[in-house]
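Read off the chains here:
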Amino acid sequence: MTRQKRSHHKLKRAVAPYLYLSPSLLIIGLLMLLPMVTVIGYSFQNSAVLRRDPSFAGLKHYQAIFDDPVFWASLWHTLYFTCMSVIFHMTIGMAFALMLNSDRINPTLRNILRVLYILPWLFTAVIIAVIWRLLLEPNGVVNSILMQIGIIGSKVEWFSSPETALHAVTFANIWAGYPLFMVSLLAGLQGIPKDFYEAADIDGAKAYQKLIFITIPQLMPIIISISLLDFIWTMQVFPLIWITTGGGPIYSTEVLSTYTYKLAFSSYNLSQASASAVVILLISLGLTLFYIRYQKAR
Amino acid sequence: MNPMMDASGFDKSQVADIVKVDGKAVMFPVASFVYPVFVNLDLAAQAGVTKLPSTRAEFLEAAKKMTIADKNQYGWVLPLSLQTPSGVQNDMMSWVWASGQSMMADGKPDLEGKPVVDMLTFVKSLNDAGTISPGIATKTEQEKVEEFVNNRVGMMIDSLAHVNLIRKRNPKLNFDLIPVPVVENYTGKRGLPYASWGIGISAASKHQEEAWKLVQYVMSEKVNAKLVSLANAFPGNVNAQPDFVTSDKAFGKAFEIFKTGYLANEFTGLPVAEDLMTQFDVQAQKMLAGEQSPEQAAAAAQKGWMAKF
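Protein chains in written order, with my numbering: chain U, 1 to 298; chain Z, 1001 to 1309.
Just so you know, these hints were derived from the structure itself, not from any lab. Some hints could be false.
Quick list of in silico lysine to any residue cross-link-like pairs, SDA-like style, CA-CA up to 25 angstroms [unchecked claim]: (1) Z:K1303 <-> U:A73; (2) Z:K1303 <-> U:P69; (3) Z:K1189 <-> Z:K1303; (4) Z:K1124 <-> Z:A1204.
Next up, chain U with everything else stripped away, as it sits in the complex (with noise of 0.2 angstroms):
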């Protein structure tokens, strides 16, 4: 073989991963790396979007969020309803998952329960946020049976007060989340060596104490991995927010993401919603880079 055709072979060698990587990398150049560059830029224009020669705002529009009041109320809400969220998500699947993992409970029952707790995940976000407007709405069935049974003594406006709204969708929100938590969970139980815990057993353990040394421990990738993740994703929800309230009354339910929408589509600031949209990109990239550490680490 010659010198020439050698250095050839090298060089195709060299590249012929990237070639097969080139259909992927133009893909998500396109559709992620493209859009995210655009918007980043937006943030630094004045009347982006809306002006053919928009100029450079340098950090304006980002000083412009900042002062603003009702900015911060949405970041304090979207912290509120994150973490009530992931920390209810965690407590009901984890719940539920023991359950239905239980050999003391009904093979049929179980099967039943099986699917009647998936069934909030099966629902589109659209109809999470109209099964329980109708719910919840004054003259609704909650208030009703509240009511009768004598908790409350008038009929709440759930989703119109300022003082339960944010409440009122969160609790929407862990409905519609905890099947997530419950499948991983459930998956991860039925992983752990059963000889754990009759060695548990041998050693006179209680339940509570199988839980906690043996049954936690064991599902805590699981947990850590699903919460970073809900965590994530929760923090950019939308949809149920915006139908069930929009961001109302007053600002009792704004969050990062209405609170961005408004901005670009009722305001038409489309700089400003940018700069705001990179304020919830950096937040979840830091989440994002801390679950790739996690990841990583294991």
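Please arrange chain Z on chain U, whose structure you already have, making use of the hints.
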């Protein structure tokens, strides 16, 4: 479109409304969907409301009489969802326009003026009297119509375009249409809130003359009448008469209201109209939640609006 109107000798008096931006005509409403008050006649009769309200005071009295909260029945419905803040335009500002008043002064917002503050005070009085169906802050226009259809509210301000929908949803519903009530002692022409299909000519168009010919054609009496008859809408040409107004009693009544009043929607042509409505909506919600007075709500909304002008 001013130069074209002047050059062709276009009769401006035949047009129901001319939408202007910075004093220049930019759009004619071709087909208008007006917003009168729908009244559930059965609920009104049960409540002893024999004369349908013509003034705000009469409306408040009628709403009080029709309200039986224990039966989930209310006098009025006000949709102020931030998802679609058009309730500000259709259900709140319509009270201002009905009395021939304005939310603007010299092309700028005048929300702290008497007309808007009085309207907010009036809406607050309806709320304080418990006559508004609960859930105001998240209620949408569709829900408003559903509540009316299901005999849960006695009165609502709504688009005439919903007449057929209401009949379809509840064929037995006995309702009538009245103009939006006015302030005491007002006898002038009533402004009628409306939404419309509009027509204008792009400044970038290379065929301005041809476009103007099309505008004139669509706005001409016979063509406009034919077009709005198909759309169940009211004409952009005041001389045109759609055929359904003679064949349908409700539309006929609404057409009388339309002919004796004038089209009024000051949001059309304003910058970021939806954002302005959202800002006003938030302040109205704060007022209804008891966090501020009508004057404070008007002042806060004025401040927000001025930043957009």
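Hints, verified against the model:
Taken as a hint, the K1303 of chain Z and A73 of chain U pair is honoured in the structure, with Cα atoms around 20 angstroms apart against an allowance of 25 angstroms. Pair hint K1303 of chain Z plus P69 of chain U holds up; C-alpha atoms about 16 angstroms apart against a cutoff of 25 angstroms. Annotation: proposed proximity of K1189 of chain Z to K1303 of chain Z is violated, straight-line Cα distance about 31 angstroms (limit 25 angstroms). With a C-alpha separation of about 46 angstroms, the suggested pairing of K1124 of chain Z with A1204 of chain Z is violated against the 25 angstroms cut-off.
Of the numbered hints stated above, those contradicted by the structure are hints 3, 4, listed in ascending order.
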